[in-house]
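Using the sequences plus the hints, can you model the full thing?
One line per chain: the protein sequences are A and B, in this order. Residue numbering for the first sequence is 0 to 113, as defined by the working numbering. Residue numbering for the second sequence is 26 to 141, as defined by the working numbering.
Accuracy of the hints is not assured; some may be wrong.
[Stated by the list, open to error] Covered stretches of chain A, as calculated for chain B (at least 3 residues, CB under 8 Å):
1. 15–26
2. 64–78
3. 81–88
[Stated by the list, open to error] Listed below are the simulated SDA-like cross-link pairs for lysine to any residue, each with C-alpha atoms no more than 20 Å apart in a straight line:
4. B:LYS95 with B:THR55
5. B:LYS133 with A:GLN106
6. B:LYS28 with A:GLY39
7. B:LYS133 with A:ARG109
8. B:LYS28 with B:SER96
9. B:LYS63 with A:LEU38
10. B:LYS133 with B:THR55
11. B:LYS63 with A:LYS77
12. B:LYS133 with A:LYS16
13. A:LYS10 with A:GLU101
14. A:LYS16 with A:GLU101
15. B:LYS136 with A:LYS16
16. B:LYS95 with B:GLU84
17. B:LYS28 with A:LYS16
18. B:LYS28 with A:THR111
19. B:LYS136 with B:THR30
20. B:LYS28 with B:PRO66
21. A:LYS16 with A:PRO69
22. B:LYS63 with A:GLU101
23. A:LYS77 with A:GLU13
24. A:LYS10 with B:LYS95
25. A:LYS14 with A:PHE64
Please keep in mind that the hints were generated in silico from the structure rather than gathered at the bench. Virtual Cβ for every residue (Gly too), placed ideally from N, Cα, C.
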Amino acid sequence: GAGVSQTPSNKVTEKGKYVELRCDPISGHTALYWYRQSLGQGPEFLIYFQGTGAADDSGLPNDRFFAVRPEGSVSTLKIQRTERGDSAVYLCASRLDRVNTEAFFGQGTRLTVV
Amino acid sequence: AQKVTQAQTEISVVEKEDVTLDCVYETRDTTYYLFWYKQPPSGELVFLIRRNSFDEQNEISGRYSWNFQKSTSSFNFTITASQVVDSAVYFCALSEDGAGSYQLTFGKGTKLSVIP
Numbered sequence: 000g001a002g003v004s005q006t007p008s009n010k011v012t013e014k015g016k017y018v019e020l021r022c023d024p025i026s027g028h029t030a031l032y033w034y035r036q037s038l039g040q041g042p043e044f045l046i047y048f049q050g051t052g053a054a055d056d057s058g059l060p061n062d063r064f065f066a067v068r069p070e071g072s073v074s075t076l077k078i079q080r081t082e083r084g085d086s087a088v089y090l091c092a093s094r095l096d097r098v099n100t101e102a103f104f105g106q107g108t109r110l111t112v113v
Numbered sequence: 026a027q028k029v030t031q032a033q034t035e036i037s038v039v040e041k042e043d044v045t046l047d048c049v050y051e052t053r054d055t056t057y058y059l060f061w062y063k064q065p066p067s068g069e070l071v072f073l074i075r076r077n078s079f080d081e082q083n084e085i086s087g088r089y090s091w092n093f094q095k096s097t098s099s100f101n102f103t104i105t106a107s108q109v110v111d112s113a114v115y116f117c118a119l120s121e122d123g124a125g126s127y128q129l130t131f132g133k134g135t136k137l138s139v140i141p
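Set out below in structure tokens:
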């Protein structure tokens, strides 16, 4: 596709439920990132994939959060036992390579935990 | 640890005024990269510029210009003759060469409102 695509654009879930957020990066981009943006804040790094492997997951807040990228393209961010504090916009970005080329961001998934 | 500070939370200007958005960064790396992104109400982050730490030349792109000063660890962004379409949240970000992931560390953003 022309840009980074994230689905769904909005997700409302009940506390304690499991959610999956999807990111479809730009074709050919090997580097993929997940960020979380809380209201009034800048995006915060969660996890980085180079190809299929999670090369850096140091930003994941706890073990309820997990992400996969099984074929080196589409990635899924998974959140178990959601809490109200997980409410935020989850942004995905891709780069041609991990070196500091421009990172292209998707429009994000707004997650609301009620 | 890397850190980016955008001290201006919100700025309002009247259309056609010039406005400067401040960005101060902290890093221990000698090689690093600085970025500015624009986030309009639609939510998507739009890339504006990338500079590496070895290139202190100021850059101009149309009404936008950037002033990079290593001596003060600043990377300020100026919009000349502002327009209503410039209204958005602007983020400054830093990426260190020593971090294998080249992840971006963002400031908290400056919300710019351009009033007609």
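If any of the earlier hints don't hold here, list their numbers in rising order. The structure conflicts with hints 1, 2, 3, 10, 11, 12, 13, 14, 15, 17, 18, 20, 21, 24, although it agrees with all the remaining ones.
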